[in-house]
Amino acid sequence: MLTTAETPVRDLAALLDDLSAAEPSVRRAAARDLAAHPEAAMPACDRLEIEASPSVRAVLLTTLIHLQSPAVAVRLAAHLRSEDVPLRNAAIEALQEMPDAIAPHLQDLLADEDSDVRIFAVNILGALRHAQAPEWLAEVVRSDPHINVCAAAVDALAEIGSLETLIDLENLRRRYDGNAFMEFAIDAAMRRIEGQ
Amino acid sequence: MAASTAARLKDQSPAMTDEEYAKFCEFFYRKSGIQFQAGKKYFVERRIADRIEKTGAESFRDYFTMVRFQTTGEELQLLVNAMTVNETYFFREDYQFDALVDAILPEIARTKRPKEPIRIWSIPCSSGEEPYSIAISILERWSQADTWDIEISASDIDSKILHAARTGMFSERSLSRVSAPLRSKYFIPRPDGNFQICDELRESIDFSLVNVIDSLQTHRFRNIDVIFCRNLLIYFDDVGRRETVEMFFDALGPGGFVCLGHSESMSRMSSIFLPRKFGETIVYQKPLSVE
Amino acid sequence: MNKPLARGHDSDMRGRRPRVLVVDDGITMRMFYRSVLEAAGFLVEEAANGMEGYEKVLTQAFDLMIVDINMPKLDGYALMQLIRGEPAVRGVPAVMISTEAGDRDAAKAYEAGANFYLVKPIPPDELTEVARLVAGVTVP
Chain A
1 MLTTAETPVR
11 DLAALLDDLS
21 AAEPSVRRAA
31 ARDLAAHPEA
41 AMPACDRLEI
51 EASPSVRAVL
61 LTTLIHLQSP
71 AVAVRLAAHL
81 RSEDVPLRNA
91 AIEALQEMPD
101 AIAPHLQDLL
111 ADEDSDVRIF
121 AVNILGALRH
131 AQAPEWLAEV
141 VRSDPHINVC
151 AAAVDALAEI
161 GSLETLIDLE
171 NLRRRYDGNA
181 FMEFAIDAAM
191 RRIEGQ
Chain B
197 MAASTAARLK
207 DQSPAMTDEE
217 YAKFCEFFYR
227 KSGIQFQAGK
237 KYFVERRIAD
247 RIEKTGAESF
257 RDYFTMVRFQ
267 TTGEELQLLV
277 NAMTVNETYF
287 FREDYQFDAL
297 VDAILPEIAR
307 TKRPKEPIRI
317 WSIPCSSGEE
327 PYSIAISILE
337 RWSQADTWDI
347 EISASDIDSK
357 ILHAARTGMF
367 SERSLSRVSA
377 PLRSKYFIPR
387 PDGNFQICDE
397 LRESIDFSLV
407 NVIDSLQTHR
417 FRNIDVIFCR
427 NLLIYFDDVG
437 RRETVEMFFD
447 ALGPGGFVCL
457 GHSESMSRMS
467 SIFLPRKFGE
477 TIVYQKPLSV
487 E
Chain C
488 MNKPLARGHD
498 SDMRGRRPRV
508 LVVDDGITMR
518 MFYRSVLEAA
528 GFLVEEAANG
538 MEGYEKVLTQ
548 AFDLMIVDIN
558 MPKLDGYALM
568 QLIRGEPAVR
578 GVPAVMISTE
588 AGDRDAAKAY
598 EAGANFYLVK
608 PIPPDELTEV
618 ARLVAGVTVP
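In order, the protein sequence lines correspond to chains A, B and C.
For the first sequence, our numbering begins at 1 and goes up steadily by one.
For the second sequence, our numbering begins at 197 and goes up steadily by one.
For the third sequence, our numbering begins at 488 and goes up steadily by one.
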């Protein structure tokens, strides 16, 4: 039953050609097989910028997770400014899978002048398997002037905050004294961290 | 040291507070796709207490930090194993087979050209209960079964269990949900008390050794109409799940479906499939036209 | 509050609590919505991303949805488009929530099928008032 066609082993040039084929299934296959070629990371980033098909995008991002490097992370982080909401969110999810690659770039993102970019940076940080993540989030809570960036950090700390974070949350609560939402969110996060 | 830890854990029950339990469930669901039903706290707590003891963690807090930040994901894997019961028997989660014959197959048949086969893939098929249950459900309950050429493939990564599936020998326990008429129709009682599935059914299923993340092995699966992949993705990490789900996308024909296990959802894995409701179950459909 | 709701279905809800689905990837946001909306008489169900929200809408009946815009897997706009395109569930009223005060997100939200649009952080009174209005709940 089914087809028994064998998979030809294709070189990089052929795969890169296929990346702009008309048929999405051909582009998906090429995007998937590029994971075996570390030098294909930048062409894959290029393709992601113009690729319109959600399924091909998904495969490109999976491949970029395999080929992750600080250079790939910087290219993906550029999408945090994108008006293309699905692409932006997909880039955030891929970056959450590359802690060591994105870590060096996170400070820049957390200092971005656009508060939405800072929120997305906090979203990445919150899901990152990186030992520094709780401390960086605490720093956001201590210093970020925007309420929604702080709220996003509080949310992330509810899961990964340590007991040392509690003091920063108490200070934040004083800063937003009288704001019903912030008081609620901070109290909830503190209960989660204290475990009661 | 280990003994004193164990003693301490027995003293301090419960092992986790309600807040800790809530935090754990959120995290575990995000990472494994497994959602605990209400009233499972005792079950979950006992297994976590066991892992805390085995890892020598000082407290739930320490243990959670370890699981959350461990880069290998090894402890998370052990937790998933501890939380799941790997049991298979005929007509397990049969509401999905009901949805298959009542709604999914009729929908597929509406758009199929006559003479084009309907293809179903059971992966992992384990010792064969699932693909045989699918075959029997279709033969017994789908009125159009005789008018279509239906191909059922069944794959597993484990060659030993695949051999067992091909042999089709089952215990009384595995058949507990099979009615007497179905037993006499599709099974042959053996002297040792076991039951062997009849030759016609055994030969109608194409068994194969497949590792889902090996694209050389999955490449021949194309234009599938329905994939049953129950309780497998929970064992994978996020990237493994992405790859598997993307492989399913390529294996399916336009408008094809994926059925997952009852405690699983694709919602935390991927958005390339569209959730559809059939009867009491959600299945995931590849778009009819992929732009 | 310039968007009057076409479907007032008070009579449908007589004698039962209205059901609201909260779709937001933030755990403290969901806890906040739950706390405020339960106090306002709603039964609250949660989803942590758009895909999960869509599955819940397909399998349970709701009088209202609260939908965040930026979420993993499926964003709020895409969720609204799916719901408004699915005949079985297309009528569920929805409030969309953004972190951005500009008109751009608001225009996109209404275009995606939102019945109302709010900007974070949301005062509890405002949330309650809008939720009741959009769900068509009359306060006794």
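A couple of the hints might just be wrong.
Below are the DSBU-like pairs computed for lysine-lysine, each with C-alpha atoms no more than 35 Å apart in a straight line [claimed, not checked]:
{"#": "1", "chain 1": "B", "residue 1": "Lys473", "chain 2": "C", "residue 2": "Lys543"}
{"#": "2", "chain 1": "B", "residue 1": "Lys381", "chain 2": "C", "residue 2": "Lys607"}
{"#": "3", "chain 1": "B", "residue 1": "Lys237", "chain 2": "C", "residue 2": "Lys543"}
{"#": "4", "chain 1": "B", "residue 1": "Lys227", "chain 2": "C", "residue 2": "Lys543"}
{"#": "5", "chain 1": "B", "residue 1": "Lys473", "chain 2": "C", "residue 2": "Lys607"}
{"#": "6", "chain 1": "B", "residue 1": "Lys308", "chain 2": "C", "residue 2": "Lys543"}
{"#": "7", "chain 1": "B", "residue 1": "Lys236", "chain 2": "C", "residue 2": "Lys595"}
Chain A is nowhere near these chain C residues, computed Cβ spacing over 10 Å in every case [what the hints assert, rightly or not]:
{"#": "8", "residue": "Arg504"}
{"#": "9", "residue": "Glu542"}
{"#": "10", "residue": "Ala548"}
{"#": "11", "residue": "Phe549"}
{"#": "12", "residue": "Asp562"}
{"#": "13", "residue": "Tyr564"}
{"#": "14", "residue": "Gly572"}
{"#": "15", "residue": "Pro574"}
{"#": "16", "residue": "Arg577"}
{"#": "17", "residue": "Gly578"}
{"#": "18", "residue": "Tyr597"}
The set of hints was computed from the structure by calculation and includes no laboratory data.
C-beta atoms are modelled at their ideal positions from N, C-alpha and C, and glycine is treated no differently.
Inset, instruction - Mind checking the alpha carbons of lysine 227 of chain B and lysine 543 of chain C for me, to see if they're no more than 35 Å apart? - result: holds (20 Å)
Legend entry - Given hint lysine 543 of chain C paired with lysine 308 of chain B - CA-CA distance at most 35 Å: This hinted pair holds, its Cα atoms lying about 30 Å apart.
Inset, instruction - Run the C-beta distances from proline 574 of chain C to all of chain A and say if the shortest one exceeds 10 Å. - result: holds (23 Å)
Inset, instruction - Classify the label on alanine 548 of chain C as holds or violated, using whether its beta-carbon is more than 10 Å from each beta-carbon of chain A. - result: holds (28 Å)
Legend entry - Minimum Cβ distance from aspartate 562 of chain C to chain A greater than 10 Å, as the annotation requires: Contrary to the label, aspartate 562 of chain C does not stay out of reach of chain A, its closest Cβ about 5 Å off (not over 10 Å).
Legend entry - Given as non-interface: tyrosine 597 of chain C, partner chain A, CB spacing beyond 10 Å: Answer for tyrosine 597 of chain C: holds, closest chain A Cβ roughly 15 Å.
Legend entry - Straight-line alpha-carbon gap lysine 473 of chain B to lysine 607 of chain C, limit 35 Å: holds (33 Å)
Legend entry - Given pair status - lysine 607 of chain C, lysine 381 of chain B, alpha carbons within 35 Å: Roughly 63 Å between the alpha carbons, so the hint for lysine 381 of chain B and lysine 607 of chain C is violated.
Legend entry - Least C-beta distance from phenylalanine 549 of chain C to chain A larger than 10 Å: Holds, because the least Cβ-Cβ distance between phenylalanine 549 of chain C and chain A comes to about 23 Å, which exceeds 10 Å.
Inset, instruction - Hey, is glutamate 542 of chain C genuinely clear of chain A, shortest beta carbon separation above 10 Å? - result: holds (18 Å)
Legend entry - Claimed clearance of chain A by glycine 572 of chain C, with the beta carbon kept past 10 Å: Answer for glycine 572 of chain C: holds, closest chain A Cβ roughly 16 Å.
Inset, instruction - Could you let me know if the closest chain A CB is still more than 10 Å away from the CB of arginine 504 of chain C? - result: The claim stands: arginine 504 of chain C keeps its Cβ more than 10 Å from every Cβ of chain A (closest is about 22 Å).
When each numbered hint is compared with the structure, violations occur for hints 2, 7, 12, 13.
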